[in-house]
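Peer 1: Residues per chain, in single letters:
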Amino acid sequence: MSVVFAVAESMTLVGAVPAEQAASAGQMLLWVAVPYAALAIMLAGFCYRVVKWAWSPVPFRIPTTCGQQKSLPWIRAASVDNPSTARGALVRMGLEILLFRSLFRNSRAELHDKRYLFGESKLLWLGALAFHWSLLWILVRHLRFFIQPVPAFVSVIASLDGFFQVGTPELYITDVFVVCAGLYLLLRRWSDPLVRYVSQLADYFALLLLLCIAGSGILMRYYARVDLVAVKRLALGLATFHPIVPAGLSVVFLIHLVLVCILAVYLPFGKLMHMGGAFLSPTRNLANNSRIKRHINPWNYPVKTHTYAEWEEEFRDKIKAAGIPLNEAQSDGTTHTN
Amino acid sequence: MTEPLIQIESKPPTGNWRDPKVEFRKGVFCYSALPKNVTYLGMANPRSWQPTDSDWKLPSNWKEIILDGLKDRLKKFRSFRLFMDICVRCGACADKCHFYLGSGDPKNMPVMRAELLRSVYVRYFTARGRLFGAGRELTEEIIKEWFYYFYQCTECRRCSVYCPYGIDTAEITMIGRELLNLIGCNIHWILEPAANCFRTGNHLGIQPHAFKDSLEFAADELEDMTGIRVDLPINRKGAEILFVMPSADYFATPHYYTLLGYMSLFHEIGLDFTYSAYASEGGNFGLFTSHEMMKRLNAKIYDEARRLGVKWILGGECGHMWRVLHQYMDTMNGPADFLETPVSPITGTRFENARSTRMVHICEFTADLLHHNKLKLAPERNNNIVVTYHDSCNPSRAMGLLEEPRSILRQACSSFYEMPENTIREQTFCCGSGAGLGPDENLEMRLRGGFPRANAVKYVKEKYGVNMLACICAIDKASFPALMDYWVPGVQVAGVHELLGNALVMKGEKVRTKNLRGEPLPEVTHA
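For the protein sequence lines, the chains are X and R, in the order given.
Residue 16 is where the first sequence starts when you use the numbering used here, and the numbers rise one by one after that.
Residue 991 is where the second sequence starts when you use the numbering used here, and the numbers rise one by one after that.
No wet-lab data here; the hints were simulated from the structure.
What you are looking at is a predicted structure, and each value in this text was computed from that prediction instead of being measured.
You may find that some hints are simply not true.
DSS-like cross-link-like pairs, simulated, lysine-lysine; straight-line CA separation at most 30 Å [stated by the list, open to error]: (1) R:K1026 with X:K335; (2) R:K1066 with X:K319; (3) R:K1047 with R:K1026; (4) R:K1364 with R:K1301.
Construct the entire structure; sequences and hints are all you get.
Peer 2: Right, here's the structure in full:
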């Protein structure tokens, strides 16, 4: 903690606004231009990536089916894990996005006395769910800085978060969750030999960055209290495109803001794009109805096939000798088109 | 019983995955394709070479070909582009691959298999690669690494079930193999069947007269056992139904007994159908080569149905065959507007689930017959059999055909037991020999890959006395006998329709003393 403060002290000279006075150009750059630029990069990059995915064709209908298909009327079909309708696929996606359905299936293979046992393994699912939901919750909670008056749902979200009414200011339970889950995910990367082998620098970076953002936020709420009025004036100014730099913005807040800007800029370039990509996965978001409804491949092209006529020509004598009927009328062409 | 020679170990991975070095050790890789097959199919770079050679005789511009091919496929497949981009390396897939569980090789973890390709994608197609050098430089060593690991994946899709984003390694392996094929890095056990299939109509290269001989031989055997002579309509125009099966069914054991099962069934219900010596293969080794080859080999099924003027198509027991028929055929070679929505001539059931593709799985067809009590069964004829059911990868994870075969087995056999839940249905384990990895030279890796499945069979063998592994896949039937002999001796392998055929009581049959294998029927005490 003392390290954070030390860094914060040294940064005071650079950015923090010491007293009520007109914002200098440097301060405008730091508090206004940087956030706007980060946001612009994030939005543009995010849209670019998603549009690029969305514009690439889905030539084949390839859902991974995780339950009984819809076939005969007396066999109960798994309408969500193996959806045959768009509605079923929608529910499947809902469960995937909101509850991490596939991760819930996770098991752990362990070798015992020359045989594999497959144990329950729900911790990753639980950790991931807690981490992501907390992040979302916290994000929504932050809207109170950007909208005036604070919308009712944001107040409700915040009061639910402080439901246990522990301490002053009351402890947000998502703060606990996000830190615990984030640390679990980080430790798991490091301690599980399989996950450590596959982990790359970017995987640690993303987790650490999110944890630092959460940490600086927690610091401001519970320890190094900030001038909330000043923060809100800045946020509202940014949100309404009438930016001002109020006095009383602290260094810890500056760190928080800069980390968020780094996250925003990084987001479109790395694996955090799974946020947008999860919605587009053809193994999950398509109905398993490829025998019911013809799926069109936009780049389907004619290919060279071995036609019946060519086949009969090559084996004519053998076909005749075996007494297999020959085709009376010859087939056409050598290419197969549709 | 002697200890198996192959030791399965679980040890933490060591080393850095960025190092592409692989060792082509005897028993764990497949031999290269022969130049004559590469040439026949009009594919790239026919030459004599082996993976153990230091010089793979790649075309001089191989790097350009691979990168152009990669670029092209990123544009054509959303799945590929997305799967390259969104993996977070959460590790949920790590211990789901049978090859990883059997070999302990960390690059067999699905996340790593994809990363082998992803790292090259990152270097050449993303900002962080081009500007900051992230990812890996494409080298000849990496091509060898790709070859080793993309021909060590059976495209079974088990990892995709657990992935929170549905990243499907089968898709990545398929594209990886397409790229390798562009520079002539392919294997004999795939390209020879593909070339055969293109020429003669089936993987085994059986010509029309031999096709007929083979069916006649089967009919003779069946007559021996049942006293009934079944018809053998071949290339018959005007039949109601075209029946397409994998060629192993009429040329390999134990597949052959399944054919006897089909024959008994079709005769008993008086089905108006025809075999085809041209569309004499349902399987499709194009799936293991490239999307284009898949389409080229698949085309004959609709073409033949059109030529013969049938109303719809019935397909036999085969795994990857059904992936192609279910998820690709209609898109690639349809529309099948010259056919009709399949209707069972016996029960009148309209197969609405196949109303566009117009091809029905034989298990769907037979389950429907049984549901309507159209078949008389004597399950006691299978009383010497304690059966368990192996869900083949593709019918379970690319279709969802789970209950139909089970409902047949439950009626045809008196003792049926499931393997543990984590190893069946959508979580089923591959036989370890799918996607063209079945050659003998690859036996050690096949036995390793098949270990998790064998493990589960061993469990039900010890618990319930299971002695028969039923399945609906031609590659399963080819690979399981060796796998069972090695890991679980005493368990035999059968198709679902073999067991149905054993139990099927046919009108006018003689007193049955033998099952379809010609083995004596179990003693039955009649009340």
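Peer 1: Could you run down the list of hints and mark each one as holding or not?
Peer 2: Evaluated hints:
no. : hint                 : verdict
1   : R:K1026 with X:K335  : holds (28 Å)
2   : R:K1066 with X:K319  : holds (20 Å)
3   : R:K1047 with R:K1026 : holds (16 Å)
4   : R:K1364 with R:K1301 : holds (22 Å)
Violation of the numbered hints given earlier is absent; every hint is satisfied by the structure.
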